[in-house]
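Novice: Sequence order for the protein chains is F, E and W.
Letter by letter, the first sequence follows residues 1 to 301 of the UniProt record's numbering.
Letter by letter, the second sequence follows residues 1 to 254 of the UniProt record's numbering.
Letter by letter, the third sequence follows residues 1 to 69 of the UniProt record's numbering.
None of these hints come from the bench; they were simulated from the model.
The beta carbon of each residue, even a glycine, is placed where N, CA and C say it ideally should be.
Check each hint, because a few of them may be wrong.
Output of the computed footprint for chain E on chain W, the stretches with three or more beta carbons under 8 Å from beta carbons of chain E [claimed, not checked]:
#, region
1, 29-41
2, 54-64
Dumping the calculated DSS-like pairs for lysine-lysine here, alpha-carbon to alpha-carbon at most 27 Å [stated by the list, open to error]:
#, chain 1, residue 1, chain 2, residue 2
3, F, K231, F, K273
4, E, K223, E, K72
5, F, K16, E, K252
6, E, K147, E, K223
7, F, K139, F, K174
8, F, K139, E, K252
9, E, K203, E, K223
10, F, K20, E, K203
11, E, K147, E, K203
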Amino acid sequence: MTILDLQRVTKRFGDKQVLKGLDLTVPTGAIFGFVGENGAGKTTTMKLILGLDTLDGGQITVAGQPVRYGRAVANQVVGYLPDVPAYYGYMTSTEYLTLCGRLTGMREPDLSNRITEMLRTVDLPQNKHRIHGFSRGMKQRLGIAQALLNRPQLLICDEPTSALDPNGRSEFLKLLASLRGEMTILFSTHILTDVERISDQVGILHAGVLQVQGNLTALKHRYARSQVQLKFASSAIAQQAVAVMGRPATQTATHVAVPFQDDYAATVAAVLKALLAAHVVPLAVDRQETSLEDIFREVTT
Amino acid sequence: MSAILTFWHKEWLAAWRNYHILILAVIFVIFGIEAPLMAKLMPDLMKLALGDQFSIKLPQSTSSDSWQQFYKNTSQIGIFLLALVFSGTVSQEVSSGTLVNLITKGLPRYAVIIAKYLAAVVQWVVAIGVSFIITWGYTAYYFPDDKSPHVWLAIWPVLLFGLFFVAVVLLGSTVVNSNYAGFLVAALVFASLALLNYVKAVKRWNPIALVTDNLDLVRGTEKITHILPACGVTVAAALVILGVTIWTFNQKRL
Amino acid sequence: MHNSELFFNNLPLFVPLMFLELGLLIAALISLYRRQTVRHGNRLIWTLAIVFIQPFGAIAYFIFGREVD
Chain F
1 MTILDLQRVT KRFGDKQVLK GLDLTVPTGA IFGFVGENGA GKTTTMKLIL
51 GLDTLDGGQI TVAGQPVRYG RAVANQVVGY LPDVPAYYGY MTSTEYLTLC
101 GRLTGMREPD LSNRITEMLR TVDLPQNKHR IHGFSRGMKQ RLGIAQALLN
151 RPQLLICDEP TSALDPNGRS EFLKLLASLR GEMTILFSTH ILTDVERISD
201 QVGILHAGVL QVQGNLTALK HRYARSQVQL KFASSAIAQQ AVAVMGRPAT
251 QTATHVAVPF QDDYAATVAA VLKALLAAHV VPLAVDRQET SLEDIFREVT
301 T
Chain E
1 MSAILTFWHK EWLAAWRNYH ILILAVIFVI FGIEAPLMAK LMPDLMKLAL
51 GDQFSIKLPQ STSSDSWQQF YKNTSQIGIF LLALVFSGTV SQEVSSGTLV
101 NLITKGLPRY AVIIAKYLAA VVQWVVAIGV SFIITWGYTA YYFPDDKSPH
151 VWLAIWPVLL FGLFFVAVVL LGSTVVNSNY AGFLVAALVF ASLALLNYVK
201 AVKRWNPIAL VTDNLDLVRG TEKITHILPA CGVTVAAALV ILGVTIWTFN
251 QKRL
Chain W
1 MHNSELFFNN LPLFVPLMFL ELGLLIAALI SLYRRQTVRH GNRLIWTLAI
51 VFIQPFGAIA YFIFGREVD
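Chain F with its partners taken away, still in its complex shape (with noise of 0.2 Å):
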C-alpha cells in the first residue's frame, strides 16, 4: 500500500530546476525521513504535494488521487506542519482551531471535543490568551495540534524539529514517534540523527532527485560500512596483524579496521583466531556501525 507517490517531478524556479525528475514513495504506515540540504528542495516537494504550487512535470498522488494545483482534494487526508507556523495573532488557539476544523469539514459537537482532546495533547492550556503572546514553542505545539485535529491518514512536517532546543527536539520526535500506528508520516529534515532515531523509511534527496530511498535497516545494509575497529600497541604490530588476518583490513596508524558483512560475532571470532595463532594481540576491539551520515555522505559526493 502507497498513500504517497511522486513520479518523475520537475520544479524550476526561473533558470533553476530546483527538481529533476523526483520520484518517491511513502509507503502507508511509515515514519519517513525525508533528508537533504538546507535548499535542496524539500520544502518545495512538500509545497508541491499540498497542492500550494504547480507542478512544471510528472505526478503526484495521495491516497489514489492525484493532488491539483490549488485545489486540495487530499485535505481530508493530509495534515501539515510548516516549517515556521503563521497564526492570526489576535485569535486564541481554540478559535484558531475551530477555523480549522470547519475548513475541514468537521463538525459541533466532535469539532470542540477533539479540539479539547488535542490542546491537551500538546499541552496546551485551553485559556482566552491570544496567540500573539505565544512562544516559538507554544506555536509549534499549536502546529502540531491543528495538523493532527482532523486525525489525517498523511502526516506532512517541514523542518519541524529545527527551531526547537534540543529537550523540545526530543519531546517532539517522542510526540511523532508515538503517531505510528496511527497515521503516515513524512517529515524532511536535515539533522540526520532524528531521523535515524524515529524513522523506519529514509529517502535522501540530492542535485533534484531522490539518490536512493527505502527502508533504514534495508539501506544500511546495502550501504554497509560495518566494520571492527582494533587497536594495537604500534603501528609495527598493526601492520603485522593485516598480514596475518587473511582478508581485507585497513590500516591506520594503530588502528586496524575489518569490514564486515553479516554476522559481528563471527567476524570477530575469525579475526581473532587469526591473530593469537600469530600471537599478536589487539589492545582493544569495538565495533562500528553504519549510519546514516555514511549513506548520506556516500550518496551526495
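Please build the complex by placing chains E and W on the supplied structure of chain F, with the hints as guidance.
Specialist: Just chains E and W now, with coordinates in the frame of chain F:
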C-alpha cells in the same frame, strides 16, 4: 459556500479585534455630526472672523449646506479612509503566510477573495449609512426647509460606488505585496477617473459621478436617471475587477 | 457673541463629538500601552500624537502604528 461563510466569520473577528470596526465607527459618526455642525456654525464663524465693522447680511445656512458638507467629507476623506483600512487585507496575509495553513485544509482561494470582498462592502455600506442617518437626523432638526427634496435618493450612488472601489482596493492588495498598495492603487484609479471627467463625452458613464453628483441629486437639480449609465458601468467594472482579482490570487505563490 | 456661546448653543452637536473623541483617545492609549512594540516611531511620539492631534492622532495610530498580529 460553507468555506466562504467560515472565512467571512474570520474576517469579522479580525476587523473587530484589530480595532478596524472601532476606527470606522468613530470616524463615520464624527463625520455624521460634523456636517450639520459646520453648516450651523458657518454664519457665526464668519461673523467672528469678519468682526463687527462689516454689517453685511450673511445668508442663513440651509439643509443644503449641511448635505454639501456631508458629501464633501464622504467623497474626499471618508471613502479613502475605508480604502486605507482595507488596504492590507490580502497582501498582509500573503506576506505573513497565514493563508498557507488554511488553503491546505481545503479553503478554496476564491472563497478568500469573495469573503474579504463581501465583508469590506458591508463595512462600507454600514459606515457610510450610519454617518448618513446621523446627518439626516440633525439636518431635519436644525434645518427644516425644502432645499433638499431628494435626501434618500442621493446616498444610494455612494453605496453603489463601494462595490467598485472595494474591488479596486482588493485587486491592488492582491497584485502588489505591500500593505499600502491597495490604498495607493485605489487612489490612483480615483485620480484617473477624475481626470477622465474632463472628457465631456464620457461624463455620464464615469463611475466617479456616483460620488460627485450627490449634492445636485439632493437639491433636485439633477435626476438620478442622468447617472444611470455610470451606475451600470460601476457595477460591471466591479464584477470584472473582482474576477480579475480572483484570477490573480489563483496564480499567486503562497 | 463668544466662543463659549457658540459652544452652548450647539450642545447636542458638541457633546457627542466630545464623548467620541475622548473614547477614541482612551482606547488608543490603552492599546498603545498594552503592546510591546509599535511601527513607525516610538511610544512617546504616538502618545503625543494621540493626545494632541485629535482625533487624527488616534486614527493614525490604529491604522499605521499598531503592530499587526
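Novice: It remains to establish, for every hint, whether it holds in the given structure.
Specialist: Tested hints:
1. Coverage of a stretch by a chain is defined here by at least three residues with a beta carbon nearer than 8 Å to that chain's beta carbons; for the region 29-41 of chain W and chain E the count is 1, and the condition is violated.
2. With a threshold of 8 Å between beta carbons, the proposed coverage of the region 54-64 of chain W by chain E holds, since 4 of its residues qualify and at least three are required.
3. Pair hint K231 of chain F plus K273 of chain F holds up; C-alpha atoms about 16 Å apart against a cutoff of 27 Å.
4. Taking the CA atoms of K223 of chain E and K72 of chain E, the gap is about 20 Å. The hint holds against a cut of 27 Å.
5. The hinted pair formed by K16 of chain F and K252 of chain E meets the criterion: a straight-line CA distance of about 19 Å does not exceed 27 Å.
6. In summary, the hint linking K147 of chain E to K223 of chain E is supported, as the alpha carbons are separated by about 15 Å, within the 27 Å threshold.
7. Using a Cα cut-off of 27 Å, the hinted pair K139 of chain F and K174 of chain F holds, with the two alpha carbons roughly 18 Å apart.
8. Restraint check for K139 of chain F and K252 of chain E: the C-alpha separation of about 26 Å stays at or below 27 Å, so the hint holds.
9. Between the alpha carbons of K203 of chain E and K223 of chain E the distance comes to roughly 15 Å, so the proposed pair stays at or under 27 Å and holds.
10. Only pairs whose Cα atoms come within 27 Å are accepted, and K20 of chain F paired with K203 of chain E is rejected, the gap being roughly 57 Å.
11. Proximity of K147 of chain E to K203 of chain E is assessed by CA-CA distance (about 26 Å); at most 27 Å being required, the pair is judged to hold.
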